[in-house]
Structure formats: C-alpha cells, structure tokens
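**Student:** These are the residues of each chain, in order.
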Amino acid sequence: MSMSIEPITEEFIGRNLEIAFFSQWLKDIEAPSIIYVHDELEELDKKGGIGKSWLLRKFYDLVKERYTNTIPVMLDFFNVADRDGVVVAERIVEALQQRYPQWEPEYFQRMLDEYHEVARGRIAETANIRERMGEALVDDLRLLQLQMREDNTYVLLFFDTFELIERNPVTAVLRPVHLFPDMYQSNRIRIVMAGRNVPDWSHPNWTGREREVVVRPLPPFSREEALQYLDVHSYVHDIKNLPAQTLQGLYERTEGRPILVGLVTDVLNKRIQTPDTLTTISKQEFEASLVEEINEFDDPSRWAIFSMAHIYHRFNADLLNLLMNRPGLKGLVPEIQYQELLTVLPMLSFVRRSMVVDNFVLHDEMRRLVNKYCWEKQDPDKRIRRELSELAIEYYSQLIMQEQQEEMRHSYTAETLFHQLFINVDNGFRYFHQHFNRAVASSLWPFARALFQELQQFEQEVSHEQHQNMRLSEARLLLGEIDPQAALRICLDLEQDREWVDLHRSDLLYNRSQCYLQMNQFSEAESCIQACLEIESTNKDKTRYAQLFTALGYIYRRRGQYNEALYFYERSLRIQRNLDDELTYADLLNNMGNVLRYLNKLEEALRYCKLALRIRRDLYMQGKASELFVGLSLSTLGHIYHALDEVIEEESAYWNAFNIYNRIGDKRAVAGTYNCLGRVRVRKGELESALEDFRQAYRIAIGGINREAEIESLNQQGRVFVAQRMWQESIDYFEQVVKLARQVSQSFRLAENLLYLAASLEHLGQPSSELIKEAKRISRKHGYNGLLGKAGEIQGDMYYSKQEYQRAFKFYRIACRYIALRGSPEFERFLRKLYDVLLEIPTSFLPGAVDSLLEYWFDLGMDKEYPQLLNICREVSEHMVL
Amino acid sequence: MKLFVNRTAELKLIDEAVTTLIERQRLLRTPIIEFYGVQGIGKSMLLQNIQQRYTSKQLSFVWADLAQEPDAKFVQDTRELLEHHQPVIMILDSLDTTNPALLREIEKELSALIEHSLLFVVLASRSEQKFSRARSIARKLTLHPLQPLERASCDEYLNAVQPIITAQVREVIFEWTGGYPLAMNVMTDAIVAGQLNPANEQDQQSLITILTEKVIQQKLLSAVISSERERYQTLLSLLSVPRRFNLALMQDLIEAYAPSYKLASSIAYITLPSTFEKAVSVLRWDMVRSGYGMDAPVRKLCLLKLKIEQPQLFSAVHRFLVEKNKTFAQEVSGSDRIHYLRECLYHLSCCERGDTLRTLVTEHIKQMVLSESSENFLRFYEEFRQDGDLQDTLEQDGTELVLSLLLKNFIMMYTNIPRQLRSQFLQEVFLSSENDPQMGNFSLIFEDEMSQIILQESSDEVRKLYHELVQDEVLKTLLGQEFDAILARIFHTGLEEGE
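The listed protein sequences correspond, in order, to chains A and B.
Note that our numbering numbers the first sequence so that position 850 is 851, with each residue one more than the last.
Note that our numbering numbers the second sequence so that position 368 is 375, with each residue one more than the last.
Incorrect hints may appear among the rest.
To be verified - Simulated restraints on C-beta separations:
| id | chain 1 | residue 1 | chain 2 | residue 2 | range |
| --- | --- | --- | --- | --- | --- |
| 1 | A | Asp201 | B | Glu389 | 40 to 46 Å |
| 2 | B | Glu389 | A | Tyr68 | 55 to 61 Å |
| 3 | A | Ser223 | B | Gln32 | 36 to 42 Å |
| 4 | A | Gln403 | B | Lys226 | 49 to 55 Å |
| 5 | B | Glu475 | A | Ser464 | 56 to 62 Å |
| 6 | B | Thr216 | A | Thr278 | 36 to 42 Å |
| 7 | A | Gln246 | B | Asp396 | 29 to 35 Å |
| 8 | A | Gln497 | B | Glu475 | 40 to 46 Å |
| 9 | A | Pro218 | B | Asn56 | 58 to 64 Å |
To be verified - Heads up, incomplete: computed chain A residues facing chain B, CB under 10 Å, no partners named:
| id | residue |
| --- | --- |
| 10 | Asp232 |
| 11 | Pro244 |
| 12 | Phe287 |
| 13 | Pro301 |
| 14 | Arg386 |
To be clear, the hints were calculated from the coordinates, so they are not data collected in a lab.
C-beta atoms are modelled at their ideal positions from N, C-alpha and C, and glycine is treated no differently.
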C-alpha cells in the first residue's frame, strides 16, 4: 500500500478584507502601532483553528514580498522559547543586523553575555539584569533610529498564539515595568499579534490602551471562502459540481472553521468519506467523527500524527528517526516512506511549521482534538503515550546536553517537564521543583513561567498537597513578575487550608512577607516574618532564617528605625557567616554600612562598606559576581562620605560608581548616580549645576527605567527651589512627585512629598493641613517614624510662624520624639533647631514651652534613653527663665 | 461450481460507464472503477462477468491478472487498441499483489492512458488502492467495496448450485459464513462431498477444519510467507473475539493469549493494524464501533473455529475482555465509556449462560445506574437498542431482561436528575421507547415505577408531572388505549391527597 499523505498546496484562500486592511495599515504610519487579531467566535470550544496563524503567515509573506522597507519578525508563543523577552529581543536584534550589518548593538550584546552567565549559573543573579538589557536595547536602537527614519524602515513584529501568555505577558518583555508588547521606545517598531480571545482591557497590561490597538475579530470562512478552499485543495472530488445541498451541508457542519474545512479536505482526498456521507453526520458529532477519521489514515502518517499530538512542542527528523528506531518499530517503515513523510507531514492542513528551525507540530487545536478523539480511543490507559514520553525525554536529554543557547535549554527543560509529568506525576512534580527553584533563584522568570505552564496542564491529576504547593509556586512566580497583589491573593487563599498550612506555614508566611514587602506594607510584612522566624529557629538549614533577619533589617531601615535595623542585620550576618554565600555576606555588610551611616556612626559605616567593597571586588575578579555590585558599594561609600562631609571623596566614589554603571550599561543606576552627583553640587552651593544633574537623572530615569530615581530627581529639584525660596516652582515639582508616587503606589515617597508640598504651600499662605493629615495617616499606617517626625516639625514651624507658640511646641515635641528614634545626626540637627527656636520665642512663652517639652518627655519615658532634650531644656531654663 | 448472483449495484455502475463509452457522446463519469474486498469475496468473478457481459458489444478488452503477470505489458496492448479509436475496457485484477515499483509504473502509465476518453478501467484489489501520488488517477477513481452476499442471494445461489441442500442446512451455511462467497463454496462443497451434517458436532469439527484450511490458510493467508502464517492465523483467531478493539486491547490480548507474538513495546503496536491489513486485508477502523474490527464474515469464521475447536479458550478470552472493557470504561468518559460498557455486556453474553448470565447482566446494569450520568445511561440505552448483534447474542430472553432493567432504572434515575431536566428526560425515554417492538411490558413497568416515583413527590410536583404526562403524545402512543386509565390509576392517590 502506498503512503498517502497529501501535500496541501500553499494557495492562500480568502481573507480579502483582512489583507486590504493590513495593506492600508502598513501605509498609514499614523495608525495605532498594534493590530490585535482574535477569534470572532465566542464559544470556548470553537476557538482555535480559525486561521489566525495562516493569516499572520500571509501578512508576513506579503511584507517580505512587497514591503521591502519593513523587516518582518515572526514569533509564536506556542514555542516555549519565544515566550521569553530575551528571545524576543534577540530576534529583533538579529533581524535588524541582517538589514544593517554595520549596526553593532554593543550594549545589548554585553548585557546578553552577562545574562547568559547568570542563566548558566556561573555568576549570581544581578539585580534587574533583564531590565538593564531592555534599556541597553533602547540605547542601541536609538543609535539606529536616525538611519531607520532616513530609510523609512520599520520592524514589524508578529506575535502568534498570544493566548498562551495573555495572563502574564510580562514574560515576553524585558522590563517588567513595561507593557507587552515592548517597542523599546522606538516608533519604528510595529506589531501584529493574534490570540484566541479579545484583549482583556481590565488586565493591567491593557488598561487604558484601547487607542493603541486596532482590534480585528477574525470570523470563520464565509461560505464562498470555505468552498473555494475545498475546491482548490480537493483533488478527488469535483467540488464545484457537487449539489448545492451537499455544499451547504458541508459548510454548515464545518461552520466555516478553517481547521475543520482543512480536515474535510484531507478526509475527502483520502477517500475516507464522500461529501454525501459527511453531510449525513449530525452537526453535534461532526467534529468528533471528522477527527476520528485520522484513525483511518494510512501508516506511517497516522502514527506520525498521533506522535505529534503527544510530543506536541516540536517534531522533526531527529525525533522521527528516534521513534522509528524504537524496539518493535525498527525496519517497519521503509526508508523511502520515511523521506516522504518528512516532506509531506509539514504540509498537512493542520500541521504548523516553524519559520525558524526545521520543526513541525500539530496545530494546537488539532492536538487537542487528536488527543480527545483518537488517543483516548486507542490508548485509554495512556501506556503508549507514556512510552512516547520516554522517547521524548531521551530526545530532549540529548538536546539539552548539546545546546549552547540558554533559552533553548530552558525551553527543552520545560518541554521535558510535560513528559516527566505525563509518565509519573510525582516524579514530574519533583522535576518541576528542581528546575523551578533554580529558575527562581536566578530570577529567570520566563523560564519559571514556562515550567509552571506545563505543570498547569496536569492540575487535575496532581494530589491535593501537590496542588497547593503548585499554587504557592505560582505566588512565588507572581512575586518575581512584580504582581504582589495577585501573589498575596493566592497566599491568603492557601491560608484557608488549615491542614496544608500546618505543614507549610514557614513557606507561606515567607511568601506573604515578600508580597507585603513589595507593596511597602511593612507592618504586615513584619508580623509574617516574626511568625516565620519562630518556625525557622529550629530548622537545621539556616538560609531562610538569615533571610528573615535581613528582611527585618530592611523593614526597620525603611521605617527609619536604624538601631533596630542594625540589630537585625547583625543577627543575619552571624548566621550568614556559616552559610558559605560570600555575595549575600557582602550584601549584608553593605546594608549595615548604610544603616550605620544613618546612625551617624560614620567611621564604622565606612569600614563595613569598605569590607563589602573588597569582597565584591574579589568576587567580580573571580567572575562570580557582576561588576554592578562593586558599583553599588561605591555608591554606598559616596553616601557615607556625604554624611562625613568629605565632598572630594564623596564625589570621587560617585564618579567611580558612575563609570562602572556606564560601562555595564546600567541606566537605572546611572540615573540614581546623577541624583547623588547633584546632591554633591548642592552641598558645594552649585545649585544650577545641581539642577542640571537632577534633570539628567530625570531624563534617564523616565519611561519606567528607574521610578525611584525619577521621583528623587523631581524631589531634589523641588528642594533646590526651596533653597532658593522659589516656593511656587518647588510646589510644581512636589506636586509632580505626589502624582507619580500615587501612580506607582510608593507610599513612603508619597507621604514624604506631601509634607514637602505642604511646607511650600504654607510659605505661600495656601491651605496645607489636609496634605499633612494624609501624610501622617500614611506614615502611621506603615510606621514611617522619620516622616512623622518631619510632619511634627513642619506643623510646629507653621504655628511658630503664626506666633502660636504653645501649639507649635506641642508639635515640636512630637517631632522630637520621632526624630530621636531615628538617632544621629538627625536628632542632633533637630535639637539644634529646637534650641534656636527656644531662644527666639518671647520670654513669656518660654516656661510654658519648656514645661510642655519636659512633661511630654517624662510621660513617654524618653528621658533615660534620650537625655539630650532634658539638657537643652535645663540649659535654657537656667539661663533664660529667671 | 460457479454461479454469478447478486452484484446488481456493481453491474449497474459498470453498465452506466459502458453505455457512455459506446455512445461516445459524453465523458465517462467514472472512468476508473476499483472493486475491493477480501480474498474470495467475488472480485475476479465480477470481472469475468463484466467481460462476458460486454463481449458481444464491439468493445475491446485488455485483461491482466497482475498476480499472474507481474508486469505492465497490458499498457502497450491498451495503447495500440486505443490507436484504432475504439472503446477499450481495461481490466486489471489483483492490483494488491504488485510490488511498489510496478505500482508506480502502473500509476505513471495509467495517468497518461486515462486521458483518453475511450478508455474505461476496471480494477480489483483486496485492499483499497487510492493512487494518492497520482492525482490525475485519484481524481477519476471510484472505489467500490464488495460486500458478502445477502441472505436472499445466498439462498438463490445455493438453490442453483446445490439444490439438494435442505433449507435447514442452508440456514447453517449462512449463519457460519455470513454470505462470504468463498466460505460458502467451501462449506457447501464439503457438506456435499463429505456428506457432512453441520448439526452434528463431529461433522462440525470436520467442516471447520476444511474451512480453515481452504479459506483461511489457502486464500486469506496466501500472501503471507509461510514462516509467518502461524502467527497471522493465531492473531486472526484472537482478534476475532472482540467486536472492536483499540491498540491497548490488542496488546493486552496478544500478551495474555499469544505471548510468543508480543511486540517489543507498546508503541510498536501502532504499526500492527496496518501490517495486518497489508497481509490479510481484513482489519480496519470501524467508525460506528469506534475501534478496529475484522471484516464480519472472516470474524464470524474465526470465531466459530475458536468456539468449536477451543471452547475453553473462547470463554476465557471473552471473560478477559469483560474485565478489560470494565477497566477501560473507568479510564474514559462520554461515548467511549458507553462503548466499553456495551462491549462488556457483549462479552458477558458470549461466555455466560442461563441464570449466571441473568445475574451478571442485572449486576452490570445496576452498577451502571449507580455510576453513570443520566445522559450516559440514555446513550447506552439507545445504542443497545440499535445493536442487533448484541441482541442476537443475548437472545430474546437476555435482550428483554436488559431492556426491562434499563427501563426500570430509567424511572428510578428520574428521581435523581435535576428537576428542570426531568421533562426532557421523560421525553427522551418515551421517544426512544416509541418504536421498540420489544417494549411489550412497557405499560406494566411504567405504571409500577411511576406509582413509586410519585409517592416520593410533593402534591404540587405530582400535579405538575401529571400535566406534563397527560400532554405527552409519545406516551399516549406507547400506552395506547390504556393511556387514560393508567394515568388515572397512577395519579389518583397523589392528586386526591393534594386537593
């Protein structure tokens, strides 16, 4: 018997409206830069197979043939590797380099090399490496922008099968603060994407972006298109001469869904059914019976299709070869048929070919149908598919060993996971955890997401325990994808499962604390950490125990309670000494240096910071850490010199850090350093130059590159105007910061700048009390003691300027309390100010003021720990109140 | 003994083509007709009849039996005849016996020849030859399967060739051979020549030995190399037991009952159906049964052989299949599950008899009531009613038992389905019962069970149900003249209490 897979001709059918629209869109550069194609049919089981991929392919071919100024790049999220923003960026770069061979994406390449080192586990994860890579690409693209504009060149990105990442599109961008699709700040990049579902405008990725996207619902084939398809592709039946009733019957049964129309053609060409017999099948059973016809396909195409439905990520000559040499199959398929199979398989109507490598896979919808209507009939207990999975694992193991490119290794690993899970859910689950934990540890979030997506397919088969563990993994993943709200929802939900919680309390508390930390909700984070500490104290592995103390140190530092912060960092450091993790050890030393700086223990701070710097330098020289860490130490050093008033050393440290950041292309850190350099200039009294630095920091930081630096820059500019007593100008800046901080839910920055704004408004005699109230509300909620102190100071100043001295001192004493908690040098500064104020108020008010301060101080029991205030009061009383 | 009977449809097809060919007015609608079917189904006989039928009509014939002449000489002959602008009928027998190279050559030559409007090609092959590589042929090809003879044609045939055979024996011949001409011939000849009585147990043994020898070994397995024959014969016998099977069941059967032929892996079984089909042409995917199945007459013969020669093995395999189908039913859902449950019942009825069968069948249905959804249950019921083969195996008693159990349980299930679906459920039950000749006791069961149901319902629900049923035309038909009386009896108490 001959092998009888029929190649389908490549003729594209219909879709004239879509093609006309696309051609028009290509010409209209003012049009929204994203086209989004989705299935028009809304019923879930009828989505898929509507012809989106064919249409995208057609668009791609059209661009290649007719629009030479446009560089098409095809990505399909069906391929696990394509879901990674790194791969997306690499493909853009590759395509551009082909067109512009002289263009060297130097920054991007450097970051990519570093990323690969991280991915291979050769160096520890560098903070924000993916973001930095994205920023590097922005810079590199900017160098090409002019030429692209002159040549009128565009890059047109095609994204297929978006439904696979629609819930977490962040995996496919490099910069999580950016939305998908990322156009890297270039107006020369345009997008055509296709997914089964309409865009979810309530999803954070799409909120408010209706105007950026042209949405095109893709309907099934019209009757004419369906019949044209059948006519063009059928060679057994003369479609045009079939009775109208038969044609109508075929159309009604396929509903014009291209995947079914294609399958009808295959079945007719193989003479498995006639048009008449097909129309006798009921509409409800049509899809099932049509797919079941594959059981009647001749060998070896039949079992090749079956195998492709199971080994669904990729199928190619190597895999086929491995399959055909399997015990029991060897020699059963003559070589000539094998070669034919390789040629004709990818040409079947429901087989998708990869445009990049020599792979082919079943259309995803067809895969579902073959599994449902063929595999379940042939292999109810899955024994054959398990063997196929074993074969796939063998195949992937070889690939993983040979593959140099890290993203592809990740893809193969995720694909292996599917088969591991298929053979044995328990073993698969272990395999998942092994790789997922590694991905999380290295912040390889797209890889972690790809693994998770494979696991999700087995959600119905895992045990309850595994299911809950899986959800916890999802929470970790969401944290990595900077979606703490979603992660927290899962944690809180998991908490309802008492039995499970009993066994996993530490994990759950730890992850909850991380959610709260990301959301700057320090009180909640702290209570989780404390509870977790209790559990971890008895654990032999002290890694988490140390991490928890570090997190507490961070919380207290953010709250301005530096002594406590130092205490926790020290505890963490003691544990960390035995954990053989030099980089984390150095991180801790650096953190401690920072806190000691706030505590005005500047020499000690300097020593810790220098120690950290030395370790980091060594690790960098050994290739175990990024140079970025050295830069970070230098920045901390700069901050300490700033506090020490050593302007020359301060400036030198910042410049050294700046050079490193610049060298490695870390725009985020560069922006931050411009702010630091600006502060140096403020210190030198060079206000105009300082403003220039702050502005430069702002220019680099905007666009989501470094929100913190963006906010800091605006705040510093406002403060420069305050120094120049240009209140209205300062108000403009503080208002901007307030708005921005609200947008990005930066509660600390919000509260801080509400206070700055209130102070400036007060100077202009404008109402400000509501702003102060809000700032205090936020500060109390999150325990921002420093800001509560500042609020008290501002309110005190306000009443002082109105000569309401009694009320003024009620606020000053509150300020004094909070500022005392922050310690030196802030406390000293405030005491200095208080002393001055006491000396300036009319003598008649002095006894009342002093009494108010002392009463408060004694009532709160602050007198023993902070006797400095008592000393001032005594001194003033002694000399002034007679 | 050669008599040509039946094949009216096939001859009509040929007649139409030949008439067009002779008239030369139109192009042939079916320029290539291929008859296919198992060895001994009557393909060659049909081809010979075609030649005889049209010899007188000034038509040229080219005849080649490719099993005898494995070359393409006939092409040249045809070409020469066509050069005389005379209509030519080219008949090629045993197309399946060609090697791949010759088949390719035939494809190539035929592609060119068939462009000639005066050529009509008739092909015969054991398995379908679809010429998928040669689209010009594929486009003009009409495939036509040859079926076994129907009962009336069998009688006609046997009457003509062996009038001495009694109606009773003819009945047995049809029962054994299922109208498979080769088997019929062999059996008839054996009965006549050996004066055998198929009702006699010893003669049955002899008959089955002859049938095995002459039909299975000499014909069906003629293309199989001798070293492989035993394997194929064993597998034919084993795979004839299930009415349908999939790859997993095939593997389990072979590993349990023919372990020496087991394959190296489960994956390897993927190729077995097509290997089998290539060698014997009796195995294909049956869309109705949703599984592989053997050609009915061959299966019948193999099954008979197993039953007569190895009755214990016959029962053991059926029992094995009862369990396997039960297990697989647990693994799947929907229609696949129903298929397994139905096959389970079939194999039960093949290996058990009498009270044991009644007990097991009752147990099987009870189990289904407990575990199946109402939708699945209805589906099972509908499929059972259409499964004549299963009903034949269960015989009348068994069938009635199953139907009454199903109906009883339908009504019991009624109470367990959501209220809003009850009306539809009743409709479906009654509709599916409407044309069932075996539902003689429906009135009794209905009255009995419905009375039980309404006892559990509130008076409002009883009234509602009454109003639904009283308007149910299908129920009216089913209950006939007793409709009013039965409803009155059933609802009397419930409605009275509710007033």
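**Student:** A separate judgement is required for each hint: does it hold in the structure or not?
**Tutor:** Hints, verified against the model:
For the pair Asp201/A and Glu389/B, the supplied restraint of 40 to 46 Å holds, since their beta-carbon distance comes to about 42 Å. A hinted range of 55 to 61 Å holds for the C-beta pair Glu389/B and Tyr68/A, which are about 58 Å apart. For Ser223/A and Gln32/B, the hinted distance range of 36 to 42 Å is satisfied, since their beta carbons lie about 38 Å from each other. Remark: the range hint 49 to 55 Å for Gln403/A to Lys226/B is upheld by a beta-carbon distance near 54 Å.
For the pair Glu475/B and Ser464/A, the beta carbons lie near 46 Å from each other, so the given range of 56 to 62 Å is not met. Distance hint for Thr216/B and Thr278/A: a CB-CB separation of about 41 Å, consistent with the stated range 36 to 42 Å. Range check, Gln246/A to Asp396/B: Cβ separation about 33 Å, and the 29 to 35 Å hint holds. About 44 Å separates the C-beta atoms of Gln497/A and Glu475/B, a value consistent with the hinted range of 40 to 46 Å.
Range check, Pro218/A to Asn56/B: Cβ separation about 60 Å, and the 58 to 64 Å hint holds. With a least beta-carbon distance of about 13 Å to chain B, the hint placing Asp232/A at the interface is violated under the 10 Å criterion. With its C-beta approaching chain B no nearer than about 14 Å, Pro244/A sits outside the 10 Å limit, and its interface hint is violated. Annotation: Phe287/A was flagged as interfacial toward chain B, and the flag is violated, the nearest CB pair being 12 Å apart, outside 10 Å.
Annotation: Pro301/A was flagged as interfacial toward chain B, and the flag holds, the nearest CB pair being 8 Å apart, inside 10 Å. Below 10 Å, beta-carbon pairs count as interface contacts, and Arg386/A has one with chain B at about 9 Å; its hint therefore holds.
Comparing the model with each earlier hint shows violations of hints 5, 10, 11 and 12; every other hint is respected.
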